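**Student:** Sequence:
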Amino acid sequence: MAKLRALGNAGLRHVVLAHLFGLLSARAALYGLWATGRIARRLALVES
12 MAKLRALGNA
22 GLRHVVLAHL
32 FGLLSARAAL
42 YGLWATGRIA
52 RRLALVES
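Residue numbers (our numbering): 12 to 59.
The set of hints was computed from the structure by calculation and includes no laboratory data.
Just so we're clear, the structure is a prediction, and the values are computed from it rather than from any experiment.
It cannot be assumed that every hint is accurate.
Claimed, not checked - Within a straight-line C-alpha distance of at most 25 Å, the following computed SDA-like cross-link-like pairs (lysine to any residue) qualify: (1) K14 with L41; (2) K14 with L54; (3) K14 with A29.
Said to hold, decoys possible - Per label pair, the in silico range of CB-to-CB distance: (4) A40 with A17: 17 to 23 Å; (5) L41 with A21: 16 to 22 Å; (6) L41 with A17: 25 to 31 Å; (7) A51 with G22: 18 to 24 Å; (8) A13 with W45: 18 to 24 Å; (9) A17 with R49: 17 to 23 Å; (10) L44 with N20: 26 to 32 Å; (11) A17 with A37: 18 to 24 Å.
By construction, the Cβ of each residue, glycine as well, lies at the ideal position given by its N, Cα and C atoms.
Throw the hints in and build the complete structure from the sequences for me.
**Tutor:** Right, here's the structure in full:
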C-alpha cells in the first residue's frame with residue numbers, strides 16, 4: 012500500500028490489475044482474487 016500511495020502522490024490516477032494468476036494454478040488464482048479485493052478495499056478507505 013505504501014508504494015501505491017507514493018505513486019498516487021506522484022500523480023498516478025489509474026491502476027489496472029491483471030489476473031494472470033490462473034495461469035499458474037487454481038490456488039494462485041484464488042489468492043490473486045482475494046489479494047485484489049483486499050487492495051481495492053484498502054484503496055477505497057484511503058480515498059474516503
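**Student:** Would you mind marking each hint as holding or not holding in the structure?
**Tutor:** These are the hints, each one checked on the structure:
| no. | hint | result |
| --- | --- | --- |
| 1 | K14 with L41 | holds, 23 Å |
| 2 | K14 with L54 | holds, 12 Å |
| 3 | K14 with A29 | holds, 18 Å |
| 4 | A40 with A17: 17 to 23 Å | violated, 28 Å |
| 5 | L41 with A21: 16 to 22 Å | violated, 32 Å |
| 6 | L41 with A17: 25 to 31 Å | holds, 29 Å |
| 7 | A51 with G22: 18 to 24 Å | holds, 20 Å |
| 8 | A13 with W45: 18 to 24 Å | holds, 20 Å |
| 9 | A17 with R49: 17 to 23 Å | holds, 19 Å |
| 10 | L44 with N20: 26 to 32 Å | holds, 28 Å |
| 11 | A17 with A37: 18 to 24 Å | violated, 33 Å |
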